[in-house]
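We have chain A; now place chains B and C onto it with these hints.
Protein chains in written order, with our numbering: chain A, 1 to 166; chain B, 1 to 622; chain C, 1 to 108.
I should point out that these hints are in silico values taken from the structure, not numbers from a laboratory. Please read all numbers here as calculations on a predicted model, not as lab measurements.
With a Cα cut of at most 25 Å, we get these calculated SDA-like pairs of lysine to any residue:
(1) Lys579/B x Lys107/C
(2) Lys163/A x Ala78/C
(3) Lys60/C x Leu7/A
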Amino acid sequence: MDAILFLLFAGIAVVCAINLVLQHHPISSALSLVGVMGSLAALYLLLGGEFIAAAQLIVYAGAIMVLFVFVIMLLNAGTEKKVKRRLWVRYGGLPLLFLLAGMGAYVTHFLAPASDGVNFGGFTHGNASDIGEKLFTQYLLPFEVTSVLILVAIVGAIVLARKEFD
Amino acid sequence: MQLWLIPILPFAGFLINGLFGRRLSKTAVNIIAVGSVLLSFLWVLKTLSALGVFSGGTELDQTHLEHYFTWIQSGALTINVDFAVDRLTAVWLLIVTGVGLLIHVYATGYMAHEGGYYRFFAYLNLFMFFMLVLVLGANYLLLFVGWEGVGLCSYLLIGFYFLEKFATDAGNKAFIVNRIGDFGFSLAIFLIAMHFGSLDFGTVFSKVKDLPVEANLGWIGAIGLLLLVGATGKSAQLPLFVWLPDAMAGPTPVSALIHAATMVTAGVYMVARSSQIYLHSTFALGIVAIVGIATAFFAATIGLAQNDIKKVFAYSTVSQLGYMFVGLGTGAFSAGVFHVMTHAFFKALLFLGAGSVIHALSGEQDLRNMGGLRKKIPITFITLMCAGIAIAGIPPFSGYQSKDKILEAAYIYSPWMYWVGVITAGMTAFYVFRALFLAFFGEPRGHHHPHESPPSMWIPLAILAVLSLAGGAINIPRFLEPMFPAAEGGAPEWLVIVSVSAGVAGIALAFLFYVMAPKLPESLASAFSAPYKVILNKYYVDELYDSAVVEPIVDGSRSLLWRVADMRLIDGAVNGIGKTARGVGGMLRLAQSGYIRSYAAWVVAGSILAIAIIGLRGVLLR
Amino acid sequence: MPPLPLPASVPISWYLTLSAILFGLGVAGFLFRRNIITVFMSIELMLNAVNLSFVTFSYKLKQNDGHIFSFFVMVVAAAEAAVGLAIILTVFKNRQTLEIDEVSSFKN
Chain A
1 MDAILFLLFA GIAVVCAINL VLQHHPISSA LSLVGVMGSL AALYLLLGGE FIAAAQLIVY
61 AGAIMVLFVF VIMLLNAGTE KKVKRRLWVR YGGLPLLFLL AGMGAYVTHF LAPASDGVNF
121 GGFTHGNASD IGEKLFTQYL LPFEVTSVLI LVAIVGAIVL ARKEFD
Chain B
1 MQLWLIPILP FAGFLINGLF GRRLSKTAVN IIAVGSVLLS FLWVLKTLSA LGVFSGGTEL
61 DQTHLEHYFT WIQSGALTIN VDFAVDRLTA VWLLIVTGVG LLIHVYATGY MAHEGGYYRF
121 FAYLNLFMFF MLVLVLGANY LLLFVGWEGV GLCSYLLIGF YFLEKFATDA GNKAFIVNRI
181 GDFGFSLAIF LIAMHFGSLD FGTVFSKVKD LPVEANLGWI GAIGLLLLVG ATGKSAQLPL
241 FVWLPDAMAG PTPVSALIHA ATMVTAGVYM VARSSQIYLH STFALGIVAI VGIATAFFAA
301 TIGLAQNDIK KVFAYSTVSQ LGYMFVGLGT GAFSAGVFHV MTHAFFKALL FLGAGSVIHA
361 LSGEQDLRNM GGLRKKIPIT FITLMCAGIA IAGIPPFSGY QSKDKILEAA YIYSPWMYWV
421 GVITAGMTAF YVFRALFLAF FGEPRGHHHP HESPPSMWIP LAILAVLSLA GGAINIPRFL
481 EPMFPAAEGG APEWLVIVSV SAGVAGIALA FLFYVMAPKL PESLASAFSA PYKVILNKYY
541 VDELYDSAVV EPIVDGSRSL LWRVADMRLI DGAVNGIGKT ARGVGGMLRL AQSGYIRSYA
601 AWVVAGSILA IAIIGLRGVL LR
Chain C
1 MPPLPLPASV PISWYLTLSA ILFGLGVAGF LFRRNIITVF MSIELMLNAV NLSFVTFSYK
61 LKQNDGHIFS FFVMVVAAAE AAVGLAIILT VFKNRQTLEI DEVSSFKN
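For reference, chain A alone in the conformation it holds in the complex:
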């Protein structure tokens, strides 16, 4: 059961990712990204990360992607122009990509031996209360710092995007 669910959601994620890379209009890419994030949320659930799954959907898919879509619509971004790519890009890009991914996979295979398996329910400490306990005791300082970071980002975004006053 776990395997089927994994393969299903993994497949959706990969397909959406490929779609993101291949689509010409940015809005289509944005929607594909939403799909990726949704499937990843499901995978987090399988791994026992309840809090993270929820945060993924609320923050990433719900807020950040909405922001992206706003900007795409604001800028009226059109389709990308077709351009003749250089030789090594056309014929070497895909192989290089496989190389990168393959190397990553190979390395990870050695880091995590196949004997370990993921079962739904094998990890129970990913719930909100456990995460919250860690967050407010052990990781209090990074928590506060990220608050400041968000504040800075807000201020920066406002400054950058405002109308010029004459």
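Using the frame of chain A, we list chains B and C on its own:
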């Protein structure tokens, strides 16, 4: 005894006149300059009387040494700043400060209308300081300090009229030629330090005394010869004498003080001081005598034909210095020193008198344009005549006393030197009186209105005239007896007669040529035109040195050192570094394409590399 | 339906491989797309891949520190997205283009 006061007083005069002289009045500059030398002279008198010099005491049989501080302490070699007075030093102290004082007084009158007044006296005081350091120093290095210092002051004073190119050229020539001599002197100092482990006179000479006498050229002889090289530079002997005639470009008091009475005798002092070294190498001592006699003869022949009054006396100085070296080289050290003193009197008088003549004629120096001055400037005339008689060796005056002792020693050493010396004495008398007769007798040939010099000028002349005549009574050889024991006598009686008659013959011949039959010299000159031309052009020595030494060095410098070494190698290297940096930077610049995607590509490439390395490490560790 | 030859529990390496694939796709999009916004979205894809990797390791080590790290990554990604999109807006205002190749005034 506070010996240090002797040089410090003129040094203080130099500082005050040098730093503040511009704002002081001429009177103030005079007082400071002359006063400092006067105080130094008085202090010398006080010191020497305390050491029993004037009362015939025996304190100075030992060297009186004053230690001030340790200057260099390097391994086994220790060099102190010490001043020492012994009998040799006493003679030089009196000459330098005494004659120096008279010349300072003279200069206040002579330079009264010249620009740069305070600068002149500042340099003159500085010269006194260095000369006194040279004479008082108790080791070779202090002597060298004074040596170099007087060379510097000579350069500064020869080129005093620095707007004239021939004056600055003459200053350069003096300094550079002296440098060659100084190189020999430095090598000698190194050898002395190497062999004796010290540069102190006391230590070195006591060690040398125990060594056997070298008959052929050994290392003691090498030291002696190298010291001689230094002496030929400073005392204008063959072959480094060429700077002295050109040095007449400086003001006349400078010629009198530096190039007649004091600085040029530094070489004689140095050889006399190193007498122990020379006595232990017969070869070196012989070379000294040969150099001396050759120079004396050579310079006297040149002096026969010169037309500039100062040049005549300059060559005379070179010739008389040759005599001093003959005295030293034949073993009669005290005779050589005696001649230093008498020469200081009559040569300074000759130069100062010449200055008086030039001053009277408002700058005329060519003998052919003078004449008939004896009624117009009588004091100068009388004093110069006294000097002439002294230098000609007429008894019983000072020149005769000292020159005769030298000629006696030369005869005992080797008779041919005596005969050459006699001929030279005849020539000396001839050319000095030629100059005097041409200047004072006959009809006036110039267009000038001569006027007598002021008292500040003729009083020193008078004092020097008295000293020139009576100075022979100061029995220097007896005074120096404890240092330089007198050789056994045994000189034939007729030596004196021959040398005196040579002098009288010279005077008579000059009288014949230039007073009674003025046309005679011209006809003789045209009859023997080739030899006359050669000696008139001083044997073309300067031209010879120019083509043999100066031109190759300048050319080599220009084409090899400047064009190749400096411009190509050094500049090339330095510029090359700059060009390389630029080139490398230019290549690195191309990586900044401005395209974000190319930067991203580089990041990806780097990260692939990193993953590969980590992965391989992980794989290999398994 | 015949039983598919699937393992009982999903091996960890599969999750990590998926993470690697997604990361590689993100890099591809980052390198080969010319629209700035698409490049940005590829960056977000890469970040998500990394998040997956963190959570996976957190499962393996049976600790929830990985979740916390992943949480922080999300926060930072949000901040970065905000500021980055603001910059893109400014660039668009000044240059009227969303081509990444035309923003190259730092050339040489």
